[in-house]
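Novice: Taken in sequence, the protein lines are chains A and B.
Letter by letter, the first sequence follows residues -4 to 583 in the working numbering.
Letter by letter, the second sequence follows residues 771 to 952 in the working numbering.
Derived from the structure by calculation, the hints contain no laboratory data.
Derived DSS-like pairs (lysine-lysine); straight-line CA-CA distance at most 30 Å:
no. : chain 1 : residue 1 : chain 2 : residue 2
1   : A       : Lys327    : A       : Lys63
2   : A       : Lys345    : A       : Lys357
3   : B       : Lys860    : A       : Lys186
4   : B       : Lys869    : A       : Lys313
5   : A       : Lys313    : B       : Lys854
6   : A       : Lys129    : B       : Lys853
7   : B       : Lys786    : B       : Lys869
8   : B       : Lys854    : A       : Lys297
9   : A       : Lys165    : B       : Lys827
10  : A       : Lys362    : A       : Lys374
11  : A       : Lys37     : A       : Lys63
12  : A       : Lys14     : B       : Lys854
13  : A       : Lys298    : A       : Lys310
14  : A       : Lys338    : A       : Lys298
15  : A       : Lys310    : B       : Lys853
16  : A       : Lys529    : A       : Lys467
17  : A       : Lys409    : A       : Lys389
18  : B       : Lys854    : B       : Lys829
19  : A       : Lys165    : A       : Lys37
20  : A       : Lys129    : B       : Lys860
21  : A       : Lys327    : B       : Lys853
22  : B       : Lys853    : A       : Lys186
23  : B       : Lys853    : A       : Lys63
24  : A       : Lys129    : B       : Lys827
No experiment lies behind these values; they were computed from the predicted model shown.
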Amino acid sequence: MPKLFTGAEIVFKALEDQKVDYIFGYPGGAVLPIYDELKNHKSIKHILARHEQGAGHAAEGYARSSGKPGILLVTSGPGATNAVTALTDAYMDSVPLVCISGQVPTHLIGTDAFQECDTTGITRPCTKHNWLVKDVNDLARVLHLAFEVATTGRPGPVLVDIPKDIQFKKGKYSFSKSTLKKKLNGRATHKISNNELDKFIDLLKKSSKPIFYTGGGVINSGPQASEYLRELVSLTGFPITSTLQGLGAYPGDDPQFLGMLGMHGTFEANNAMHDCDLMINIGARFDDRITGKVDEFSPGSKKIHVDIDPSSIGKNIKVDLAIVSDVSEFLKSLIKRFKEKNKNFLNSNKQKTSRWWSTIEKWREKKSLNFINSNKIIKPQHAVQRLYELTKDKDTFVTTEVGQHQMWAAQHYKFNKPNRWMTSGGLGTMGYGLPAAIGVQIANPGKLVVDIAGEASVLMTMQEMSTAVQYKLPIKIFILNNEYMGMVRQWQELLHEKNYSESYTAALPDFVKLAESYGCVGMRAKTPDELDEKIKEMVNIDRPVIFDCLVDKAENCFPMIPSGKPHNQMILGPEEEEEISDEGKILV
Amino acid sequence: MAKSKSAYSVPGKIGKTERHIIVVWVDNEAGVLARIAGLFSGRGYNIESLAVAEVDKKKHISRITIVTEGTPQVIEQINLQLKKLVPVHKVADFKRGEKDILFRELALFKMLANAKKQEKIKKICKKFNPVVLDKTNKSFVIQVTALRAEIDKLAIDLKRLGLISTSRTGAVAMTKGPKIFN
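Pulled out of the complex, with its shape left as it was, chain A reads as follows:
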């Protein structure tokens, strides 16, 4: 007779076998048996958030900065529905999360019981898979399967819904690895053929206007993938641009790096994407913020797409060579094959791509990220630049909220390592950055973690400052405060005749006093000449800080590809703002 365990014990045994060290969560009636069991498992620490959405984003921050799955524990009903935003965010940005939710006892399911909701129904479209466990003897298998689904192939969130009676019931526990025979997203059994590699190399050789376009897939493939990417880019001498999620995979200050591409990308990156003859997409998904109008996207180029998810290939843009693979495994094989056959590629190719590089240099001379600085008022771009200059020598981790500040952070903060940049790209979740910073700091104790925030976004999850204080997490909330929902304001200025409908927050809290009431440190910078000193002071405080940086209220984020313009015509700055067509106004 094997030893029997309660459902709650099985949950923790599975978490221990999966080497989980932190859970982010919030207790409630339907998960009490699991919370009761917590005290018996000293290797697992629980971080109590102030809202389940906060717990979810913290788990995301933990996962993205550590490469391990984030664990979320919530109760039934509102606990589960509050977690939905974080699950959807993780689904869009391919972040591995395992969410365990309590459910009303099985005999009450379907009776509209107190705090009952159809959790698996609600989370079906925002998870890779979810389970309602109705038999305690299924629990161990389901939990291990959940970890496997979350972390293999293209990573993503999963949810296991456990009714309260199942948490009490006794059942068997076993742990056998690789319970899932089926290949997930094609990764498990895919072998890269020499034929594919040779086709790839052949396209590289034929190209005179190539560009690497890399994305979050490189980061998700692990730090090794970034190493391989750097090697390949240096072997070929080709220019490289990155999506928002891919920043850090390639050094942001390297001369071959053209900066971020897309709606707020650099002039050189977007023009190079438009005019290239070979586009090498590694781990990016041709998102609409990148492609613009698909019919006019990079019309003259051959396209290669390397992605672990077969459904990402050909979804938005047709490609000439599709490779379904993990980035790291693929680049490793490619570099090996490339080196064997092309010892002098760089030299022979320099001439071929020299005209391309001089064109790129001309685009670069536009200095599209420039802005008109001021000595009276802090320009938000200037604030991000100073923050970068004063923190670049440390191994700094940056999270953001969503909006103008997020784009300025992406443009002006140069990342040199993967897993240092955590931002909500796919879903665009305001309120992501503060709780994410908590998760990042948990995973990286002793490191500097800064949330570059907007005052509107950060108020959406401000309650999590209380979490940061409770666990003594010295996160820095660097608010670019312009009193507006800046990106909304910018679109209203450019697209809606300056009708600033509901985008101004008239009654903002005093962030310094707010910080103090949470028991953390509040600071404020009002003028450019005090900015540096204050940033230095903030960095040196070993406690959570809310930094209220008062910036120019009317600044817009450029460059920008506006609605009503083709992809290679960007607005570079305020002097170039133009009327936007009526048709353009309906677009998002």
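Put chain B on the given structure of chain A with help from the hints.
Specialist: Coordinates of chain B only, in the frame set by chain A:
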């Protein structure tokens, strides 16, 4: 609407749509049909008909046959997205009109008809394997199996002969010859 010049969120050229029959083998577990149907509705794909039943009692495998319409790109996405679902084992995709595939749909028609009319109706249905399932002197239930378009036409023809109720399955499909989907 005038042609938009915008770089963002404008619909691209829409290709020609094709009708496809997609066969999916899934674990017969709670919620599996909702996962398939949710994938179609969530991504804006179209389900024309759907037939589901367990085909392997031991392994609890169900076979789902879906008739859908879309551009080649959409059909490819449907296939790839279906393959990503955890309970899905395999997916087969056939274009309507492919030669080595058999399609059948079953229909039940309830007619108000006297004996004389009933004979007439049986004659009309003759080509479609008619089986009379129920018969009174006023009414009559007949089962036919045929292609979708044939049943469409039949339903119109029967209308004037006293058709009062129609029940149809979705299409099911199978390959010709000894080979099976793999």
